[in-house]
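J.: Chain A is fixed; fit chain B onto it per the hints.
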Amino acid sequence: MSAHDHSSPHPEPAAPQHGGDYEIMETAVRELLVEKKLIGPGEIRRQIEVLDSRSPALGAKVVARAWLDAGFRGRLLENGRRACEELGISFYDDTQLIVLENTESVHNLVVCTLCSCYPRPVLGLPPDWYKVKPYRARAVSEPRKVLEEFGTHIPDNVEIRVSDSTALVRYLVLPLRPEGTEGFSEEDLAALVTRDAMIGVVAANPPTRSA
Amino acid sequence: MPETYQFVKRLPNDIGGLQADAVQQTDHVLLPWEKRCHALADVLDFHKIINTEEKRRGVEALGADLVGKLSYYERWIVAFANILFEKRILSPTDLALKMDEVAARPRD
Numbered sequence: 009m010s011a012h013d014h015s016s017p018h019p020e021p022a023a024p025q026h027g028g029d030y031e032i033m034e035t036a037v038r039e040l041l042v043e044k045k046l047i048g049p050g051e052i053r054r055q056i057e058v059l060d061s062r063s064p065a066l067g068a069k070v071v072a073r074a075w076l077d078a079g080f081r082g083r084l085l086e087n088g089r090r091a092c093e094e095l096g097i098s099f100y101d102d103t104q105l106i107v108l109e110n111t112e113s114v115h116n117l118v119v120c121t122l123c124s125c126y127p128r129p130v131l132g133l134p135p136d137w138y139k140v141k142p143y144r145a146r147a148v149s150e151p152r153k154v155l156e157e158f159g160t161h162i163p164d165n166v167e168i169r170v171s172d173s174t175a176l177v178r179y180l181v182l183p184l185r186p187e188g189t190e191g192f193s194e195e196d197l198a199a200l201v202t203r204d205a206m207i208g209v210v211a212a213n214p215p216t217r218s219a
Numbered sequence: 004m005p006e007t008y009q010f011v012k013r014l015p016n017d018i019g020g021l022q023a024d025a026v027q028q029t030d031h032v033l034l035p036w037e038k039r040c041h042a043l044a045d046v047l048d049f050h051k052i053i054n055t056e057e058k059r060r061g062v063e064a065l066g067a068d069l070v071g072k073l074s075y076y077e078r079w080i081v082a083f084a085n086i087l088f089e090k091r092i093l094s095p096t097d098l099a100l101k102m103d104e105v106a107a108r109p110r111d
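If you're matching them up, the sequences are chains A and B in order.
When you number the first sequence by my numbering, it's gap-free, plus one each residue, and the end is 219.
When you number the second sequence by my numbering, it's gap-free, plus one each residue, and the end is 111.
So here's chain A without its partners, still in its complex pose:
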């Protein structure tokens, strides 16, 4: 558990070590819904298995494929969800996916100002910082400063585009392919693509850092 920010007027409370009354409430709500046959007895466990099967490794595979296969890249930019499904990544919800391609002149950044919408089928669950006020509030108004806080310097001649996610439309950044990766396999390329690169707060790793 990392420290949370005490200086904000509405600091994000730390998650307690056990849920206490709220854990009891979660168990009670779940059991009542099962007793009323509104949800099936094994559904929560099965959905936990789905959640556990999702991680940034899936998104990294999508990015690496797009770097290697121009046809796939075109289909990905046209319809992100369909192209991911082509790679066997199922979407377990009603969300659409828009893939935003970084270029030499445009850098993309993804946020959810209202809450915590995130491309969960391809990245898993969002990190805590994505869900709390400093990132949500500032990503849209001072993205360059926010990126500097992640150690990412975007030159002034590169436009920054910030995309604000909704309940139904989620975004994934297709980072620039790092230099010096000619001849890399899909697996080698995927190893350079981090969760944060697909949110847009950092670039993909250069090849030396992953070797």
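Where hints are given, some of them may not hold.
Stated by the list, open to error - With beta-carbon atoms standing in for the labels, derived distance ranges:
#1 B:Asp68 with A:Asn87: 56 to 64 Å
#2 B:Val11 with A:Asp196: 51 to 59 Å
#3 B:Pro95 with A:Lys45: 36 to 44 Å
#4 A:Gly79 with B:Met4: 53 to 61 Å
Unchecked claim - Some residues of chain B that are not near chain A, with every Cβ distance over 12 Å (derived):
#5 Thr7
#6 Tyr8
#7 Gln22
#8 Ile52
#9 Phe83
#10 Ala99
To be clear, the hints were calculated from the coordinates, so they are not data collected in a lab.
By construction, the Cβ of each residue, glycine as well, lies at the ideal position given by its N, Cα and C atoms.
T.: Just chain B now, with coordinates in the frame of chain A:
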């Protein structure tokens, strides 16, 4: 413009563009009950009992004070309970009795 007008223009969740502190790159591994709570949200959505937007509004309806005091998944489970009451799917009595029953069980 009256001082209160800012609250009319912005509901509590609508924080995009406001001033805020530097980003702290925080994260934590979800506790088992938090992960179950997340899975519950998905399953409620699959069955069209509570969708993502209803959940978000349910959290907003808790008000800024409570939102500021509860952790992320504490907000979710309280919002779910309130929405289920509103939809007459559960009653507060159902939940209170079930919570007493769960609380009385031996814990690990």
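J.: State for each hint whether it applies.
T.: Hints and how they fare:
Here the CB-CB span from Asp68 (chain B) to Asn87 (chain A) is close to 43 Å, at odds with the stated 56 to 64 Å. For Val11 (chain B) and Asp196 (chain A), the hinted distance range of 51 to 59 Å is satisfied, since their beta carbons lie about 54 Å from each other. In this structure, Pro95 (chain B) and Lys45 (chain A) break the distance hint of 36 to 44 Å, their C-beta atoms being roughly 21 Å apart. In this structure, Gly79 (chain A) and Met4 (chain B) meet the distance hint of 53 to 61 Å, their C-beta atoms being roughly 55 Å apart.
Thr7 (chain B), annotated as away from the interface, keeps every beta carbon of chain A farther than 12 Å; the closest lies near 18 Å. The claim that Tyr8 (chain B) lies off the interface holds: its Cβ sits roughly 19 Å from the closest Cβ of chain A, which is beyond the 12 Å cut-off. Gln22 (chain B), annotated as away from the interface, has a beta carbon of chain A within 12 Å; the closest lies near 7 Å. Its beta-carbon lying about 6 Å from the closest one in chain A, Ile52 (chain B) breaks the requirement of being farther than 12 Å from that chain.
At the 12 Å boundary, the C-beta of Phe83 (chain B) falls inside the reach of chain A, the nearest C-beta of that chain being 6 Å off. Residue placement check: Ala99 (chain B) does not keep its beta carbon more than 12 Å from all beta carbons of chain A (closest about 9 Å).
Figure legend: structure checked against the earlier numbered hints; hints not met, in rising order: 1, 3, 7, 8, 9, 10.
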